[in-house]
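Novice: My request is simple: use the sequences and hints to build the entire structure.
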Amino acid sequence: MPLALLALAVTAFAIGTTEFAAMGLLPQVADSLHVSIPQAGWLISAYALGVVVGAPLLTALAAGRPRKAVLVALAALFATGNLLCAVAPDFWTLAAARLITGLPHGAFFGAGAVAAAELVAPDRRARAVAVMFSGLTVANIVGVPAATLLGQHLGWRATMLVVVLIAAAGTVAIARLVPALPSSGQSGLRHELRAFRSGQLWLALATVVFGCGGFFACYSYIAPLLTEVSGYATGSVTLVLALFGVGMTIGNVLGGFAADRALRPTVCAAFVLLSATLALFALTAHARWSAAVTVVLIGLFGFAIVPAVQTLVLQKARSAPTLASATVQGAFNLANAQGAYFGGLALDAGLGWTAPTLVGAVLAAAGAVVAVLAWAADRRRPAPVATEPAAAAAMTTA
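Following this note's numbering, the numbering of the sequence shown begins with 1 at its first residue and continues without gaps.
It should be emphasised that the hints constitute simulated quantities derived from the structure, not laboratory data.
We put the CB at the ideal spot given by N, CA and C, even for glycine.
Among the hints, erroneous ones may be present.
To be verified - As a list, the in silico SDA-like pairs of lysine to any residue whose alpha-carbon atoms are at most 25 Å apart:
1. LYS68 - ALA173
2. LYS68 - GLY155
3. LYS68 - VAL87
4. LYS68 - LEU6
5. LYS68 - VAL172
6. LYS68 - VAL164
7. LYS68 - GLN152
8. LYS68 - LEU243
9. LYS68 - THR227
10. LYS68 - ILE100
11. LYS68 - ARG176
12. LYS68 - LEU83
13. LYS68 - GLU228
14. LYS68 - LEU150
15. LYS68 - ARG124
16. LYS68 - ALA206
17. LYS68 - LEU57
18. LYS68 - LEU165
19. LYS68 - VAL53
20. LYS68 - ILE141
Claimed, not checked - Pairwise CB distance ranges (calculated):
21. HIS153 - ASP90: 20 to 28 Å
22. GLY64 - VAL362: 22 to 30 Å
23. GLY350 - VAL142: 35 to 43 Å
24. ALA349 - GLY231: 18 to 26 Å
25. TRP289 - LEU177: 25 to 33 Å
Specialist: What follows is the structure in structure tokens.
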């Protein structure tokens, strides 16, 4: 794999740390800013909504510009947003800063996924995308637990400042290691918008919004669940979050390999297994050992979906993949927002700390249903001539 993929993975590491560390630090943020834990969960939704807005907006603004310059600018904006979070004086300012921080997320992963695919042969594109996303999953093994531990001892602001440094390092790495990747003459906004004429693309995005919301409904409130239900001490939560990261990393790798061989079955199976595991977690969360095992499985099935769905969207977008790839990141984070929201509603209703996992099971099951329906609809349509070569050309010339 090209070294340039490592540069993309470094910034993905910073993004993953920022996005997921907030979930482990909810109790500290809530206590520091004098809000409830469900209200602190709005910070997760604010970041996710920033991604939803920023993915199409920033991708549209960047249309036709050299992809490397776009990646550098987006990474720099992400570092700036984290700095604003670190110095935010109150809850609402922090929420606004989180929204700003989320703006470049989707556009970065959208442009980065296309760039990663351009750097390898067509039959290795899902694995190349998985390498870039490995930065995000490794963040959950190293970055999120370390950030949670740092936040518990030095405060959540110290965590944000460390992320600023990592994001700055990622920006420099992209500038130095990623080769020039100019956009093609066809890559203007009007050309990119043509991809959204595909009903299959909309079904893929709907699959993400519904199904991945199940993962985030559980993960958003994992820290208080582990302390209040599983019996973990506050300091031990970081170790369980690291296990989450291990599962995510394994799932990301396996999902990439499986998607290169059987794309649709991988998507459907991952959502079905995620739904079943989330439902099981409502029972296994009551013992520390079984909670730890289930956490690994939730991470595995949840992130096996990522390279598979990303590749599916790139395939359905055909010759205009950049905006579609960014939009799928918006879909992932809309899933994040709704998962955190509905999980918080269950908590506010007094249903207990395991209620978000059951909410997640329902959402993941809905994603599985949409995925199966989309697969069935795709099988009924006659395959276009030379679909794969067209997709490969898109990946190498976009």
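Novice: So, for every hint listed, does it hold in this structure?
Specialist: Hints and how they fare:
Of the supplied pair hints, the one linking LYS68 and ALA173 holds, its CA atoms being roughly 11 Å apart against a limit of 25 Å. Taking the CA atoms of LYS68 and GLY155, the gap is about 35 Å. The hint is violated against a cut of 25 Å. For the suggested pair LYS68 and VAL87, the alpha carbons sit about 30 Å apart, so the restraint of at most 25 Å is broken. At roughly 14 Å between alpha-carbon atoms, LYS68 and LEU6 fall within 25 Å of each other, so this suggested pair holds.
Using a Cα cut-off of 25 Å, the hinted pair LYS68 and VAL172 holds, with the two alpha carbons roughly 12 Å apart. About 20 Å separates the Cα atoms of LYS68 and VAL164, which keeps this hinted pair within 25 Å; it holds. For the hint linking LYS68 to GLN152, the alpha-carbon distance of about 37 Å lies beyond 25 Å, and the restraint is violated. Annotation: proposed proximity of LYS68 to LEU243 is violated, straight-line Cα distance about 34 Å (limit 25 Å).
As the CA atoms of LYS68 and THR227 are separated by approximately 43 Å, the hinted pair breaks the 25 Å bound. The straight-line distance between the Cα atoms of LYS68 and ILE100 is roughly 22 Å, inside the 25 Å bound, and the hint therefore holds. The suggested pairing of LYS68 with ARG176 holds, with an alpha-carbon distance near 10 Å, which does not exceed 25 Å. A threshold of 25 Å between alpha carbons decides the hint, and for LYS68 with LEU83 the separation of about 23 Å falls inside it, so the pair holds.
For the proposed pair LYS68 and GLU228, the alpha carbon gap of about 46 Å is over 25 Å, so the pair is violated. Of the pairs offered as hints, the one joining LYS68 and LEU150 is violated, with about 33 Å between alpha carbons and a cut-off of 25 Å exceeded. Annotation: proposed proximity of LYS68 to ARG124 holds, straight-line Cα distance about 21 Å (limit 25 Å). With a CA separation close to 30 Å, the supplied pair LYS68 and ALA206 exceeds the 25 Å bound.
Distance hint between LYS68 and LEU57 is fulfilled; the C-alpha atoms sit about 18 Å from each other, no more than 25 Å. Distance hint between LYS68 and LEU165 is fulfilled; the C-alpha atoms sit about 20 Å from each other, no more than 25 Å. About 22 Å separates the Cα atoms of LYS68 and VAL53, which keeps this hinted pair within 25 Å; it holds. A distance of roughly 28 Å separates the Cα atoms of LYS68 and ILE141; the hinted pair therefore is violated under the 25 Å criterion.
Between HIS153 and ASP90 the beta carbons are some 23 Å apart, a value that agrees with the proposed interval 20 to 28 Å. The hinted range of 22 to 30 Å is not satisfied by GLY64 and VAL362, whose Cβ atoms lie roughly 42 Å apart. A hinted range of 35 to 43 Å holds for the C-beta pair GLY350 and VAL142, which are about 36 Å apart. The hinted window of 18 to 26 Å between ALA349 and GLY231 holds, with their beta carbons roughly 24 Å apart.
At roughly 42 Å, the beta carbons of TRP289 and LEU177 sit outside the given window of 25 to 33 Å.
In the structure shown, a violation is registered for the earlier hints numbered 2, 3, 7, 8, 9, 13, 14, 16, 20, 22 and 25, in ascending order.
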